[in-house]
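Enquirer: Spelled out from the first residue to the last, the chains are:
There are 2 protein chains.
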Amino acid sequence: MALLVVGSVAYDALESPYGKVGRTLGGAATYFAVSAAFFTHVHLVAVVGDDFQANDEAILRKRSIDIDGLERTPGKCFFWAGRYSENLNERVTLATELNVFADFKPRLPQKYTNSRFVFLANIAPDLQRDVLRQVKGTPKLVAMDTMNYWIERTNDELRETLKHVDILMINDSETRQLSNEHNLLRAARHIFKMGPSTLVVKRGEYGAMMVDKNGVFCVPAFPLEEPHDPTGAGDSFAGGFMGYLAGVGSKSDAALRRAMVYGSVLGSFTVERFGLDRLLTLKKSEIHARARHFAKLTQFTL
Amino acid sequence: MALLVVGSVAYDALESPYGKVGRTLGGAATYFAVSAAFFTHVHLVAVVGDDFQANDEAILRKRSIDIDGLERTPGKCFFWAGRYSENLNERVTLATELNVFADFKPRLPQKYTNSRFVFLANIAPDLQRDVLRQVKGTPKLVAMDTMNYWIERTNDELRETLKHVDILMINDSETRQLSNEHNLLRAARHIFKMGPSTLVVKRGEYGAMMVDKNGVFCVPAFPLEEPHDPTGAGDSFAGGFMGYLAGVGSKSDAALRRAMVYGSVLGSFTVERFGLDRLLTLKKSEIHARARHFAKLTQFTL
Numbered sequence: 234m235a236l237l238v239v240g241s242v243a244y245d246a247l248e249s250p251y252g253k254v255g256r257t258l259g260g261a262a263t264y265f266a267v268s269a270a271f272f273t274h275v276h277l278v279a280v281v282g283d284d285f286q287a288n289d290e291a292i293l294r295k296r297s298i299d300i301d302g303l304e305r306t307p308g309k310c311f312f313w314a315g316r317y318s319e320n321l322n323e324r325v326t327l328a329t330e331l332n333v334f335a336d337f338k339p340r341l342p343q344k345y346t347n348s349r350f351v352f353l354a355n356i357a358p359d360l361q362r363d364v365l366r367q368v369k370g371t372p373k374l375v376a377m378d379t380m381n382y383w384i385e386r387t388n389d390e391l392r393e394t395l396k397h398v399d400i401l402m403i404n405d406s407e408t409r410q411l412s413n414e415h416n417l418l419r420a421a422r423h424i425f426k427m428g429p430s431t432l433v434v435k436r437g438e439y440g441a442m443m444v445d446k447n448g449v450f451c452v453p454a455f456p457l458e459e460p461h462d463p464t465g466a467g468d469s470f471a472g473g474f475m476g477y478l479a480g481v482g483s484k485s486d487a488a489l490r491r492a493m494v495y496g497s498v499l500g501s502f503t504v505e506r507f508g509l510d511r512l513l514t515l516k517k518s519e520i521h522a523r524a525r526h527f528a529k530l531t532q533f534t535l
Numbered sequence: 234m235a236l237l238v239v240g241s242v243a244y245d246a247l248e249s250p251y252g253k254v255g256r257t258l259g260g261a262a263t264y265f266a267v268s269a270a271f272f273t274h275v276h277l278v279a280v281v282g283d284d285f286q287a288n289d290e291a292i293l294r295k296r297s298i299d300i301d302g303l304e305r306t307p308g309k310c311f312f313w314a315g316r317y318s319e320n321l322n323e324r325v326t327l328a329t330e331l332n333v334f335a336d337f338k339p340r341l342p343q344k345y346t347n348s349r350f351v352f353l354a355n356i357a358p359d360l361q362r363d364v365l366r367q368v369k370g371t372p373k374l375v376a377m378d379t380m381n382y383w384i385e386r387t388n389d390e391l392r393e394t395l396k397h398v399d400i401l402m403i404n405d406s407e408t409r410q411l412s413n414e415h416n417l418l419r420a421a422r423h424i425f426k427m428g429p430s431t432l433v434v435k436r437g438e439y440g441a442m443m444v445d446k447n448g449v450f451c452v453p454a455f456p457l458e459e460p461h462d463p464t465g466a467g468d469s470f471a472g473g474f475m476g477y478l479a480g481v482g483s484k485s486d487a488a489l490r491r492a493m494v495y496g497s498v499l500g501s502f503t504v505e506r507f508g509l510d511r512l513l514t515l516k517k518s519e520i521h522a523r524a525r526h527f528a529k530l531t532q533f534t535l
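Protein chains in written order, with the numbering used here: chain P, 234 to 535; chain G, 234 to 535.
With the rest of the complex left out, here is chain P:
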């Protein structure tokens, strides 16, 4: 089934101990869409400026990604610059220039309005709700991301959006901030009262944890000797997760567990190289091989 994503398509400047790049295609919706497109057809809603390059458009276009919802506006693309510490565990934001993203009003092309799987990447909560209003009927599954900025500045708007969402997919510090609970199980119970029935906590090098009515499911991060750049790992995780579910058209417990694994697989490939580089050469066979590797990493018999 087609998967709708709304979020940022951007240019990033990245710096880590493994290299430096001045301007490369990035943005949450980009990482998400490229990851999800390994599993399903993706409907992309985002905005770019007139500096958006033809070769970057081609990256999206030649995959299973529909870009009729990629609006072009006079001005410049969203730009983000960041630098990672020696061990990649700390990040400094050097620049955030919203540019055309400042006035983004997501508009769904007619053919997108039947999307049954929806992912609302990290944008203003009222815009996330605007997107949901344009979708016909009730989607089978709506998931969203958010960040400290929206939790702090637009908490009421965020609470309103959460009422319409099945899965909240955020990192551990955002989970603690939103719920005002340090313990993640207690945090999940708070968040369930806000609307979502499933919480997926992204924990970086410690993997990811899903909490829902069936209990808890944990998946470790894939052990890598030389991660190069964590940019986009969380969005790739979300793309692998939602892409897998939309591809199989299911939200059963078994499918959700597999989605956690495929999300982790995509996230792990992303951090292997700079920016989108690894995802652009990735093959489906490599994805399935790494999923089997995750099984070896975690499974035991009693």
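Any given hint could turn out to be false.
You can't tell identical chains apart in this list, so a pair holds if it fits in one copy or across any two.
[What the hints assert, rightly or not] In silico EDC-like links for lysine to aspartate or glutamate, alpha-carbon gap of 16 Å or less:
id, residue 1, residue 2
1, 484, 399
2, 373, 486
3, 529, 486
4, 484, 445
5, 344, 301
6, 253, 505
7, 426, 389
8, 426, 393
9, 338, 301
10, 446, 486
11, 529, 414
12, 309, 458
13, 529, 445
14, 446, 399
15, 446, 458
16, 253, 399
17, 516, 284
Keep in mind the hints are simulated off the structure, nothing from the lab.
Small disclaimer: the values here were computed from a predicted structure and weren't measured.
Starting from the structure of chain P, add chain G where the hints point.
Expert: For chain G alone, coordinates are given in the frame of chain P:
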């Protein structure tokens, strides 16, 4: 097969947001032995002072723990006092009084010298080696713990001891300190050059990771809504891990994976209540039920 452990038997004063206790039985060898005794017969080597209480001795004696190696010396027992922060993720040591432990010279009763499974808890590396010298022949499996103090102060002694050990079982900061590598896979490769063929990294609320020639195996921490006191969690993990292996007399890959799970099971019970409290009421059936719960927590089909 009998499992030999050498380490501390102590009194602890503990303080956490869930309560406070002025003097309770503790020490690495205690948590280890009580945990391991669910699976196998334990040979305990430690030293206590003349303030060691009969009811505390009874705790050990009425389990499958041989205490002929528990030396009594004039003076006071090792005493440790610590306080945990609101979320239990930080610990302040308020007092460490070595007392009779300062002059501890481990001596193995004759019947202990045939132990085929050996655990060297966190004591001075030269004492750990003294214990190994008293064991007849080559044990089937030797594991050890250590801490930042020995890594910093007696690094040469520690390196000498590591040459004789199969499994090093430490936390992530100790792993990074000993290997001078932030990345745990690279750290493991460094540590393998020092002697151990297996590294088990204890990661607290993030679970545990085992690295050996077969690859990596990860197990999450059991999600608890209200952990009360992390004291002894790592030693209980080690006790469950080594107890399971000694009980089945195996060090196969499948057994090591199960040992990681049983270690995590014992660690998770320990933190549920203060000090040793939960371990003292624990039943074998509860251990097996929680091990099955770990399977539910981690397993998926592709």
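Enquirer: Is it within, between, both or neither when you check residue 344 against residue 301 at 16 Å Cα-Cα?
Expert: within (9 Å within a copy, 79 Å between copies)
Enquirer: Quick one: residue 529 to residue 414, C-alpha cut-off 16 Å, is that within a copy, between copies, both, or neither?
Expert: neither (33 Å within a copy, 25 Å between copies)
Enquirer: Given identical chains, is residue 253 near residue 399, meaning Cα to Cα at most 16 Å, within a copy, between copies, both, or neither?
Expert: neither (38 Å within a copy, 41 Å between copies)
Enquirer: First find the shortest C-alpha distance between residue 426 and residue 389 inside one copy, then the shortest across copies, and answer within, between, both or neither for a cut-off of 16 Å.
Expert: within (14 Å within a copy, 56 Å between copies)
Enquirer: Between copies, within a copy, both or neither: which fits residue 446 and residue 399 at Cα up to 16 Å?
Expert: Within one copy only: 12 Å inside a chain, 42 Å across chains, cut-off 16 Å.
Enquirer: Is it within a copy, between copies, both, or neither that the alpha carbon of residue 446 lies no farther than 16 Å from that of residue 486?
Expert: within (10 Å within a copy, 33 Å between copies)
Enquirer: Using 16 Å as the alpha-carbon threshold, which applies to residue 484 and residue 445: within, between, both, or neither?
Expert: Intra 12 Å, inter 36 Å, cutoff 16 Å: intra-copy only.
Enquirer: One pair to classify: residue 529 and residue 486, alpha carbons no more than 16 Å apart. Within, between, both, or neither?
Expert: Classified as between: cross-chain Cα gap 11 Å, same-chain 20 Å, threshold 16 Å.
Enquirer: Between copies, within a copy, both or neither: which fits residue 529 and residue 445 at Cα up to 16 Å?
Expert: between (25 Å within a copy, 13 Å between copies)
Enquirer: Which holds for residue 484 with residue 399 at a C-alpha limit of 16 Å: within a copy, between copies, both or neither?
Expert: For residue 484 and residue 399, the Cα distance is within 16 Å only inside one copy (11 Å; across copies 44 Å).
Enquirer: When Cα atoms must be at most 16 Å apart, do residue 373 and residue 486 count as within-copy, between-copy, both, or neither?
Expert: within (15 Å within a copy, 42 Å between copies)
Enquirer: Between copies, within a copy, both or neither: which fits residue 253 and residue 505 at Cα up to 16 Å?
Expert: Intra 14 Å, inter 47 Å, cutoff 16 Å: intra-copy only.
In this structure, the earlier hints numbered 11, 12, 16, 17 are contradicted, and the remaining ones agree with it.
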